[in-house]
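**Q** For reference, the chains in residue letters:
Number of protein chains: 6
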Amino acid sequence: MKKLRLGLPKGSLQEATFQLFERAGYHITVTGRSYYPHIDDPEIEVVLLRAQEIPRYVAEGVLDAGLSGYDWIQENEVDVVEVAELVYSKQSRRPVRLVLAVAQDSPFKEVKDLEGKRIATEFVRLTKRFLAAHGVNATVEFSYGATEAKVPDVVDAIVDLTETGSSLKAHNLRVLATILESTPRLHANRQAWNDPWKRAKLEKLALLLKGAIAAYSKVGLKMNVPGDKLPDVLAILPAMKHPTVSPLHNGNWVAVEVVIDEHQVRDLIPALKAAGAQDIIEYPLNKVIP
Amino acid sequence: MKKLRLGLPKGSLQEATFQLFERAGYHITVTGRSYYPHIDDPEIEVVLLRAQEIPRYVAEGVLDAGLSGYDWIQENEVDVVEVAELVYSKQSRRPVRLVLAVAQDSPFKEVKDLEGKRIATEFVRLTKRFLAAHGVNATVEFSYGATEAKVPDVVDAIVDLTETGSSLKAHNLRVLATILESTPRLHANRQAWNDPWKRAKLEKLALLLKGAIAAYSKVGLKMNVPGDKLPDVLAILPAMKHPTVSPLHNGNWVAVEVVIDEHQVRDLIPALKAAGAQDIIEYPLNKVIP
Amino acid sequence: MKKLRLGLPKGSLQEATFQLFERAGYHITVTGRSYYPHIDDPEIEVVLLRAQEIPRYVAEGVLDAGLSGYDWIQENEVDVVEVAELVYSKQSRRPVRLVLAVAQDSPFKEVKDLEGKRIATEFVRLTKRFLAAHGVNATVEFSYGATEAKVPDVVDAIVDLTETGSSLKAHNLRVLATILESTPRLHANRQAWNDPWKRAKLEKLALLLKGAIAAYSKVGLKMNVPGDKLPDVLAILPAMKHPTVSPLHNGNWVAVEVVIDEHQVRDLIPALKAAGAQDIIEYPLNKVIP
Amino acid sequence: MKKLRLGLPKGSLQEATFQLFERAGYHITVTGRSYYPHIDDPEIEVVLLRAQEIPRYVAEGVLDAGLSGYDWIQENEVDVVEVAELVYSKQSRRPVRLVLAVAQDSPFKEVKDLEGKRIATEFVRLTKRFLAAHGVNATVEFSYGATEAKVPDVVDAIVDLTETGSSLKAHNLRVLATILESTPRLHANRQAWNDPWKRAKLEKLALLLKGAIAAYSKVGLKMNVPGDKLPDVLAILPAMKHPTVSPLHNGNWVAVEVVIDEHQVRDLIPALKAAGAQDIIEYPLNKVIP
Amino acid sequence: MKKLRLGLPKGSLQEATFQLFERAGYHITVTGRSYYPHIDDPEIEVVLLRAQEIPRYVAEGVLDAGLSGYDWIQENEVDVVEVAELVYSKQSRRPVRLVLAVAQDSPFKEVKDLEGKRIATEFVRLTKRFLAAHGVNATVEFSYGATEAKVPDVVDAIVDLTETGSSLKAHNLRVLATILESTPRLHANRQAWNDPWKRAKLEKLALLLKGAIAAYSKVGLKMNVPGDKLPDVLAILPAMKHPTVSPLHNGNWVAVEVVIDEHQVRDLIPALKAAGAQDIIEYPLNKVIP
Amino acid sequence: MKKLRLGLPKGSLQEATFQLFERAGYHITVTGRSYYPHIDDPEIEVVLLRAQEIPRYVAEGVLDAGLSGYDWIQENEVDVVEVAELVYSKQSRRPVRLVLAVAQDSPFKEVKDLEGKRIATEFVRLTKRFLAAHGVNATVEFSYGATEAKVPDVVDAIVDLTETGSSLKAHNLRVLATILESTPRLHANRQAWNDPWKRAKLEKLALLLKGAIAAYSKVGLKMNVPGDKLPDVLAILPAMKHPTVSPLHNGNWVAVEVVIDEHQVRDLIPALKAAGAQDIIEYPLNKVIP
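Sequences listed follow chains A, B, C, D, E and F, in order.
For the first sequence, the positions run 1 to 290 when full-length UniProt numbering is used.
For the second sequence, the positions run 1 to 290 when full-length UniProt numbering is used.
For the third sequence, the positions run 1 to 290 when full-length UniProt numbering is used.
For the fourth sequence, the positions run 1 to 290 when full-length UniProt numbering is used.
For the fifth sequence, the positions run 1 to 290 when full-length UniProt numbering is used.
For the sixth sequence, the positions run 1 to 290 when full-length UniProt numbering is used.
Bound-form chain A, shown alone:
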């Protein structure tokens, strides 16, 4: 049987990744040799690896495809095909930033002030490229972790990921520059992508994953509307949506159904009610495919 060999990130993103696949319709369970979890699709083989290494192994062909951040794809300096951007981190659903940071009260004001200084980072190549682009010479050393704590006692600056900035703040660090914004990417080996079966499999997977992600932030709304109020109600619903309007049995009422962003609900519901909609219900969704 043909198989798609897929690398998924072990560690902090693992749980969220498994939940995303669950919503997309793939049940992954960790059994036996724990780095080879079971997935209920015999055409896929999942390997759990560190996010840092997945792009390298995808590029080398050890994996057909993988899920990792744009940051690590760039750090590995590899040639892979980006299949889909998947913003699914539950907490923020926004990109992480790779930043150059220094001590709050240090004299460094711009990148070039770091000439001749020492910088610790997990992203040695990205940092060197960034410094080179700014014409700055500095010592860049690999950091095994706890990077933020090294300024100012151990190094002069760091390059590290930040989501909300709160950890930087807690360490009294100041951002000097943003090197990169990063989101998770489903990416493929170039040769695998040229295999029609693997490409079709990946495109189907991407469709379902994106459908599941879309559903995280959307809900269904359903309401009954007197026929004469329908234009008012439709005028309120966002233009880009396609409301489903179906006639009702009794008299000239219609049922209107629409999928909208959850954060619009709190403004829409009062407006719809004011426009004449009745019996409005909001219900949760598993997937949304446009």
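Wrong hints could be hidden among the right ones.
Heads up, the list lumps identical chains together, so a pair's fine if it works in one copy or across two of them.
Each computed BS3-like pair below joins lysine-lysine, with the alpha-carbon atoms no more than 27 Å apart [said to hold, decoys possible]: (1) K273 with K3; (2) K204 with K273; (3) K229 with K204; (4) K229 with K169; (5) K218 with K273; (6) K128 with K222; (7) K273 with K229; (8) K204 with K222; (9) K112 with K128; (10) K229 with K117; (11) K128 with K169; (12) K204 with K2; (13) K2 with K273; (14) K218 with K204; (15) K128 with K273; (16) K222 with K273.
Hints in this document: simulated from the structure, not taken from any laboratory.
Add chains B, C, D, E and F to chain A, keeping to what the hints say.
**A** Leaving out everything else, chains B, C, D, E and F in the frame of chain A:
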């Protein structure tokens, strides 16, 4: 930008309150200074305070509005506007009672038997008003907690909250009288209520919160019905509901959809099936706005 | 008031059982005397007992009905009425097997090789019947637990339950024969079953429990389809389902709604989209009654 | 190498048993096949089994010796050699009792009132022997657990273990008779006991286990005493102890050291101080061998 | 039997209090009615109450004695006998301070700047006395908790307890004045203190509690010393201690034993070794009675 | 004030390191900026860093000294002074091994079979040196973790640490060669070592840490012995120990005290008792300094 300053109860109700707001469409996250959580509506500022103090700060104008129990609004003896009653405690969804209790085997039979006795309570003012109304003189002392354990060794009676009565029972206490029934209330400062922007904001908030609470105990039912069975099916559905009946493409079947109380489901589903309904599904709801 | 006395399994299945009843519309809470939980249906009385004992107490009339595995019904050698098979274990939703197992590297190849040997099991009667049917004489001793660990140092073979086989593997055991496949069964006392009120009550309960179980593995799909694409879309939907097709207000589009097995979704959604369906949404279900 | 095959109880006593062996100088760690833990004495092999089964396997020679309760030794009706009584349960350090109990408000007053009734128990043989000795005929059925909850709805009486009686009280049960008092026993197979090497090994083990148990409830006391106060101090120290009195370098003081029961300390220390002892210190002990 | 009725603090200090009593030789276990824990001394009855209320109940005679902070004794403005100061909080073993604090960036520089301002505190009486002593008029309101979070949005200043100051810092507060330093106190009702039996009981209890506290920070040191090195070794040992010097059997060596503060060990051990001491061992202590 | 800047390992060894320092007499608490924990010695400043990086920072002079494994000192290829070997890992107290491992069923039999293969490891330099010493050319790639899971699907061999070998076994790996044995080392910067104050500080620290480690596996034994039995008792006690023999007050008895390895106790105690020793007690130790 205009802002509504809203006090939410810190402590035992906090988690349930945050979940209620989440369902209503407002995401609250505790970050940084933990008593000023972030809410994803720039027009609202949330302050976490003890339920005991919220009515006082609403009345004084430190807050525009707040969520606290009717018990604490009464204990604080303040003049505030009640915007909505919100029964959202997940466990019981019923009022708590403020009761006067004595030892199971004590000789006290009615309120006036407490003449000259000692009573411990967190609700000193409510207790004094209640005793005065009954023409009873007794020493009422403030209790910092563990109130139920004080009878009979430390005091003769207590005034305390009870939900199911099981804690009273476990302490071998007997209820002599119920002073008050209490539910959570969204209440506003009188001046804030007279400000049209704040009042509109509060009414919108109340609409969504009540819609979310209503959805806790309701579900959606959908079924296919042959046209000739429709009257039988409609006869079964509760009169006060508005079933949505939509014609089906194939032949003379109709689809019937209705929102009902979850606890009615177990009687309705067998009855609907017996009346000719087919392919009945029940689905969960996020909000229900009549 | 008439009451149905119902035994539910205490221990490993308890939580899953309570969740199943919750989905079916019955709220069970453990309060007070913990083996007599509260259920919000005054016509039912729940007793928590070991799964091993429930069939015996049902047969003896101590209970009107109970939930236990087919394995224990057989082991108890009792005469009860099977009301419904309920496969609701969340993890696997597949039967457990009662197997005869020996050490991986033992010389035993078939059942008759166990002639004269020692076998430990919780299922003494079932094992004796199985051996007798194979014309094998062996010592069968009751095991209080940790049965798998007893081979080969303590006994020659065991008879034990297995779900995935991973525990057998971890103990280096090899399956020699499968004695039984078992799933949970709602079963009734014969006399209670002949009481019309109790039988109706049990049938209603079974209907709702099965509806809740069906919903675990099903989802609702809804989509908009241009009239001319409807045949293509309907051709894709599984034959045994009854899609609900309703005309839409605007032009010649229709809305198609169907309930399908969740594991079909990942193949159906791409196919439906390819066939012309738009705005496909998938939503969760609480109950599905055919 | 010669080996002593030793069965230790799996489950609720396991942790306390491992700690006791640790204090006695044997480190047991659960690794690999979890029922065969590692012990750092190459002459001992440990097997973890249910306490219920250990006496049977000791009697049959599967084990050379084992640790189980007197209750299970009696229930198994086996012939084993009792090597040592080891009261090491950390909480109470007192025997458990096997009692016959009935509902608090039942009419049963003495054992013979149970004539013809139903009794549930894990100790079927002990119960039958007890009833026979009292000339009572009753149905005794094996209970898989949750025994206390079965009175009065499922059976008329139970025979179960109790330590403090609090669980009986919580289930509204009343003790009708005590059948047995039980403590843990190190017991040996009769043949193994006749093997000099195994017997010596067991006696050494028993010496160390008893030394460790003794130390749980004892402490060391040390103090300086002026020579002329020595008689007064010695008069206070319990007669059965052997205080170690050693001369001090400076002048005519002596150091007095004694091992005493911890619960005597609170009376002794004030008395010793009053009698002239100074610089009293109390220190913890690992083992006490008389 | 005579009984000493003793109030112990419920809540954050409870666990540390129980451990202290355990070390002192009294085992307290929470069973049954949880505010009346069991203590293994029939002459003592323990009642668990809030620290805030204990001094009041001691003064009123509901309790014979109690353990609470100096802060609450002062806040209650009651007349009690202080039996012993017991600094046993495991973390810091130093007093807590009751401080008047304002926002870091507020204009308030000294106490009198708070004239006419609003202050929140749990210590209303202490605060009013302090302000009166400084000739300042301000509104002092009772705070139910979360006091630190109220500055500056809700009140201008607070009076609250602080141990390390880290919580104040986290809330951006600045200390304006220290009102009180507080440590736990064993205190007695004046009448109980005059009862010889109760007084003796309390003095014995205080002796053991202080002995246990002293042992937290002390260790025993023991070493062998050649006779001619003894003066050097004794010169190093702290003057206020009484080393126990005992002659050894073999030759002219002596054994030296001393109890010292644990934090001195790291300086003493290297010095003792340099002075000729050998085989130095350090061992833990349970109690130290001078 | 002079300060010693000391790097301690963050992560898996952190807790054990803090406990070791606690036993040695230094209390470390993590407060505020969590990588700079507080130590109660004003002459030491602790920095928490990854074990991998500590040797590098010690060599560069960012730290005066640090605690890390011999493995990481070698991997960093730095010139540092080894102050003390400290085997304090609580579980095994034995060295970890850095091994070259391959799949159980792979054809690789010796190191040179890996010619041209791919090897993943966290120890890139050590691995390259080892291969070079064996005249083998292979691709060595840095592994970010989960190294053992990469054989055989991702790489041909790995170089990784192992303590008990159980993780290797669980991954079906076979050891081809041991590259290194490693234990924790207190190591210093060469320049710091030449500073007399820092050297003295480090030597004192090493003395106390080694004293604390020695006490983990040792206990104190004390017994009373009749004078005529003393030679027999002394003959049993290990030759290299120095028993402390002190005359007793009463008659011709002596007290014998000795510090021995805990694992000898179980053989010594029965022997000592047999030789005539009485009232043997064993007590725990905090530190042992020879």
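**Q** Could you run down the list of hints and mark each one as holding or not?
**A** Do the hints match the structure? See the list:
1. K273 with K3: between (52 Å within a copy, 24 Å between copies)
2. K204 with K273: between (39 Å within a copy, 11 Å between copies)
3. K229 with K204: Classified as between; 21 Å across copies, 41 Å inside a copy.
4. K229 with K169: neither (52 Å within a copy, 56 Å between copies)
5. K218 with K273: For K218 and K273, the Cα distance is within 27 Å both inside one copy (20 Å) and across copies (19 Å).
6. K128 with K222: neither (54 Å within a copy, 51 Å between copies)
7. K273 with K229: For K273 and K229, the Cα distance is within 27 Å only inside one copy (11 Å; across copies 32 Å).
8. K204 with K222: For K204 and K222, only the inter-copy Cα distance (19 Å) is at most 27 Å; the intra-copy one is 29 Å.
9. K112 with K128: Answer is within; shortest intra-copy Cα gap is 13 Å, inter-copy 36 Å.
10. K229 with K117: neither (68 Å within a copy, 56 Å between copies)
11. K128 with K169: Classified as within: same-chain Cα gap 25 Å, cross-chain 39 Å, threshold 27 Å.
12. K204 with K2: within (15 Å within a copy, 47 Å between copies)
13. K2 with K273: Between copies, since 24 Å is at most 27 Å while 53 Å is not.
14. K218 with K204: both (21 Å within a copy, 20 Å between copies)
15. K128 with K273: neither (57 Å within a copy, 45 Å between copies)
16. K222 with K273: both (12 Å within a copy, 23 Å between copies)
Checked against the numbered hints above, the structure violates hints 4, 6, 10, 15; every other hint is satisfied.
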